[in-house]
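Trainee: These protein sequences, in sequence, are chains S and W.
Mapped onto our numbering, the consecutive letters of the first sequence carry residue numbers 7 to 469.
Mapped onto our numbering, the consecutive letters of the second sequence carry residue numbers 8 to 285.
These are computed hints drawn from the structure, not numbers from a lab.
Cβ atoms here follow ideal geometry from the backbone N, Cα and C, with glycine treated the same way.
Mixed in with the good hints, there may be bad ones.
[Said to hold, decoys possible] DEER-style ranges, computed between Cβ atoms:
1. S/Gly411 x W/Met8: 22 to 30 Å
2. W/Met8 x S/Asp413: 52 to 60 Å
3. W/Arg13 x S/Lys459: 22 to 30 Å
4. W/Lys143 x S/Gly232: 23 to 31 Å
[Stated by the list, open to error] Computed list of lysine-lysine pairs in DSSO-like fashion (alpha-carbon distance at most 30 Å, straight line):
5. S/Lys171 x S/Lys14
6. S/Lys406 x W/Lys241
7. W/Lys241 x W/Lys208
8. W/Lys241 x W/Lys201
9. W/Lys268 x S/Lys171
10. S/Lys459 x S/Lys87
11. S/Lys207 x W/Lys30
12. S/Lys256 x W/Lys33
13. S/Lys256 x W/Lys10
14. W/Lys153 x S/Lys272
15. S/Lys406 x S/Lys27
16. W/Lys30 x S/Lys283
17. S/Lys196 x W/Lys10
18. S/Lys27 x S/Lys14
19. S/Lys272 x W/Lys208
20. W/Lys213 x S/Lys284
21. W/Lys213 x W/Lys153
22. S/Lys171 x S/Lys30
23. S/Lys87 x S/Lys256
24. W/Lys30 x S/Lys406
25. S/Lys272 x W/Lys213
26. S/Lys406 x S/Lys87
27. W/Lys14 x W/Lys34
28. W/Lys268 x S/Lys358
29. W/Lys83 x S/Lys27
[To be verified] Among chain W residues calculated to face chain S with C-beta under 8 Å, some are:
30. Ala205
31. Phe257
32. Glu259
So you can see what is in the structure, the chains are spelled out below.
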Amino acid sequence: MANMSLKKNEMPSQAPDVRNKNFKEVTLGYTPEQAVDEANRCLNCKNKPCVGGCPVAIDIPEFISKVKESDFEGAYQIIAKSSSLPAVCGRVCPQETQCESKCVRGIKGEPVAIGRLERFVSDWHNANVNASPEVPTSNGHRVAVVGAGPAGLTCAGDLAKMGYKVTVFEALHLAGGVLVYGIPEFRLPKAIVQKEVDSLKAMGVEIETNMVIGKVETVDELFEEGFEAVFIGSGAGLPRFMGIPGESLKGVYSANEFLTRVNLMKAYREGSDTPIKKNTNVAVVGGGNVAMDAARSALRLGAEKVYIVYRRGMEELPARKEEIEHAEEEGVIFKTLTNPVEVLGDENGFVKGIKCVEMELGEPDDSGRRRPVVKPDSEFVIDVDCMIMSIGTSPNPLIKSTTEGLDTNRHGCIVADEATGATSREGVFAGGDAVTGAATVILAMGAGKDAAKAIDEYIKSKN
Amino acid sequence: MYKIVRKKELNPTVTLMEIEAPKVAKKAEPGQFIILRVDENGERIPLTVADFDREKGTVTIIFQIVGATTEKLNHKNEGEFIQDFVGPLGVPSHVDGLKKVAVVGGGVGCAIAYPIAKKLHSLGCEVHSIVGFRNKDLVILEDEFKASSDILKMMTDDGSYGEKGLVTNALKELIEAGNQYDEVIAIGPLIMMKFVCALTKEYGVKTVVSMNPIMIDGTGMCGGCRLTVGGETKFACVDGPDFDGHLVDFDEAMARSTMYKPFERQRHEETCNLFKNA
C-alpha cells in the first residue's frame, strides 16, 4: 500500500546557525527507514513520466521499487546503468525542474523525493559495497576526452564500459572540474567526487592532469598520437564582469576566482598556502546556483553580512529552490530588484561599498522573463568590503583558437549536434558548458552520455 | 611530479631551476609562462619561462624569493621533485619581422627579457639590451645578455656596477643618439614598465610589456589576472602576458598587485627558518 502522505520525508540537516560556520555537508541524507517510507510514496506509474524528465533517463520507478524492498544495492545497480555519478547527481541536480516536476504525486502535494532517494542509494552503496567495478574487455580503440568535469567523466565512463581505452586530459592539478573547483564542500563533499573518479580509474580510464589541451597539446596532435575520436568537455571559461566603474578594486572577485580559492585551493583551511581576503560584509551579484555557493561560502569564512544582489525578483532567481532556501535559513540577505552601478573604493584601493539602483519588472524580454527597468532616483549604497561577480562566463578560447575547422557560434561556444555532440570536425565531439554556455552538471552529463554513444557508432562505422 | 635537474643561486634572493618537463619544453616559446605547485598543499603560482631545452626536455625558471611559496620552492634541491608544473601558457612574444629592438629588463624581470633577447638575436635582429639592478650583488644573467646583444647597457641604482642610474636614462640616451627601434620590449617591476612606457610614448616608439599579475588557474577560468588595457578588461593568462604598454593601466595593476601583501609577508615569515629562530 502506497504511502499517501502529501509531503516528502524531510531530510535531516545541520541547523542553520551551526552549519553557516563550518564547511561540512549541510544535508545529512535519509536513514534506511526514511528512504523506504519515501519510496513507498511512489505509485510506480506505468508510463514513467519522471524518466522523461531525467537528462540521463534513469529508470526511476524501477530503482525506487528496489528501495521499497530494502534492496539498496539492487537500486544502485539500476541507477548505475544510466548514471556515472549518482552520488553527485543526487546532491546537485535541479530535480524540481526535472524528474520531480513530472511526478504524478506532485499534482496534489509534493512529488516523490527522487533526488534524495538517489543520494541515499548511492551513499549506501559507497558505504557498504566495496566491490571494484568490472574491467571491461578492451576493444583496442583509443578515445581522448578533454576536461575531467561532469561531461568528460561521464563520456569517459560510458566509453570505458564499452571497452574503449580512454585517456582524460585535465588542465588543473585535480580531476573533477566544477565538482572540485566550483561546488563547495558543504554541498558536495570532495571525497564523493574522488570516489567517483577512482572508480573510473579502476575501470581503466587514465587521467592525465596538468594537460591544457590547446596549449600543451592540440586536438590535432591527439589524433596524431593515435586517438580515434576526441570529446571536448572543457567547460565554461572566462568570468563576465558588468563593465561598471570600480570592478578592478581590491576585493572584487569573480565567483570562479572566489570559489576556486576556497574549494580547489582549500583557502578556508588552516595551512593552505592560497590566500583569501577576510571580509566583513559581502555582496554577491547574481542569482544562480553559483551565486548561492559564493554567498554561503562567504558566510562560512566569517562574514557578518552577506547579500545576494539580483536585478529581478525572488520568483525569478535561477538557482535551485533548495539552495535559495538554505541560503535564506543561513542568514544570506536577498536584495532583489537591485542592480549595482558602481563599486566604491577607499583611499587604498579596497572596496568600501557598492552604489545600486532599484529595479522594477517591465514587459517580458526575449527569454520570456520580465525585463528589469531602473526606477528613477533610486540610488543607494550598500556598505561592503567584498563584491563577488556571479553573472556568468564566456567560453574558454584555448581550444577554439588552436583547432582549425572547429566551428563556434557568436558567443564562442562550440557548435555541436544536440543529439550526438558531433562538431564540424570529423571525429571531434563536444558537450557540456563548452557547447551550451554555463548550465548544470546533469545537462553536461547528459551530453557526455549522448556523445559516448555517438563516438561508439562513429568508431564502429570506420572499422 | 617534476624533477629539478639543476639549481643555481643567481644572487641571494634569486634562484634558477631547470625542471624536467618534456611536454612543456616541446612547446615553450619566449614570453610564455608556466604554473607550478610546490607540494600537495601548495598554491598555484605563475612563473615566466626563462629558457627551455627541447632535446633535454627541460624548462628553466628563475624566481625571486618573495613569499611562502617561493621560499618553499627555494628549499627544494637538485634531484628533488615539485608537485605540479603546467604549461606553456599564454601567448608567445611576437618576434617576427623585428629588425631592431631595445630589450629593457629590470631586476628579476631580466630572467624573462633574456629569452626574448636570445630569440631576437638568433633571428638576426639588432638587439640593444638595457638591464637594471639595485646594486652589483643583484646582477643576474650578464654573460647571457652579452652573448645575445649588440649593445648591452648595465645600470645600477647606486652605481656599484655599470652606470649609475635607471634603465630609462639609458633608453633615453640610446633613442636620443638616433637609434630607431621597431619596438621596445620592457620587462620588470610595474613601476619600471610604467616609466619606460611614459618615455617611449613621448618618442612614439611602440612598446610591449610582459604583465605578471596574481593568477590562480592560469587557463582562463578565474579572472583574477584581469587588467585594463585600452579601456577594456583583458586576462593576462589567455590574452597576454604581453600587452601594448601604452594601453596598460599601470596604476590599477600596481594597486591590484598589493592585494595579498600582508598575507604573503606573514606566510613567508612562518616558512623561513630565519624568522622561526629569531
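Trainee: Each of the hints needs a verdict: does it hold here or not?
Mentor: Each hint, compared with the structure:
no. : hint                            : in the structure
1   : S/Gly411 x W/Met8: 22 to 30 Å   : 36 Å, violated
2   : W/Met8 x S/Asp413: 52 to 60 Å   : 39 Å, violated
3   : W/Arg13 x S/Lys459: 22 to 30 Å  : 50 Å, violated
4   : W/Lys143 x S/Gly232: 23 to 31 Å : 55 Å, violated
5   : S/Lys171 x S/Lys14              : 43 Å, violated
6   : S/Lys406 x W/Lys241             : 18 Å, holds
7   : W/Lys241 x W/Lys208             : 21 Å, holds
8   : W/Lys241 x W/Lys201             : 18 Å, holds
9   : W/Lys268 x S/Lys171             : 47 Å, violated
10  : S/Lys459 x S/Lys87              : 14 Å, holds
11  : S/Lys207 x W/Lys30              : 23 Å, holds
12  : S/Lys256 x W/Lys33              : 37 Å, violated
13  : S/Lys256 x W/Lys10              : 36 Å, violated
14  : W/Lys153 x S/Lys272             : 45 Å, violated
15  : S/Lys406 x S/Lys27              : 42 Å, violated
16  : W/Lys30 x S/Lys283              : 35 Å, violated
17  : S/Lys196 x W/Lys10              : 29 Å, holds
18  : S/Lys27 x S/Lys14               : 28 Å, holds
19  : S/Lys272 x W/Lys208             : 44 Å, violated
20  : W/Lys213 x S/Lys284             : 41 Å, violated
21  : W/Lys213 x W/Lys153             : 24 Å, holds
22  : S/Lys171 x S/Lys30              : 36 Å, violated
23  : S/Lys87 x S/Lys256              : 48 Å, violated
24  : W/Lys30 x S/Lys406              : 21 Å, holds
25  : S/Lys272 x W/Lys213             : 42 Å, violated
26  : S/Lys406 x S/Lys87              : 33 Å, violated
27  : W/Lys14 x W/Lys34               : 22 Å, holds
28  : W/Lys268 x S/Lys358             : 19 Å, holds
29  : W/Lys83 x S/Lys27               : 37 Å, violated
30  : Ala205                          : 20 Å, violated
31  : Phe257                          : 12 Å, violated
32  : Glu259                          : 5 Å, holds
In summary, the numbered hints that this structure violates are 1, 2, 3, 4, 5, 9, 12, 13, 14, 15, 16, 19, 20, 22, 23, 25, 26, 29, 30, 31.
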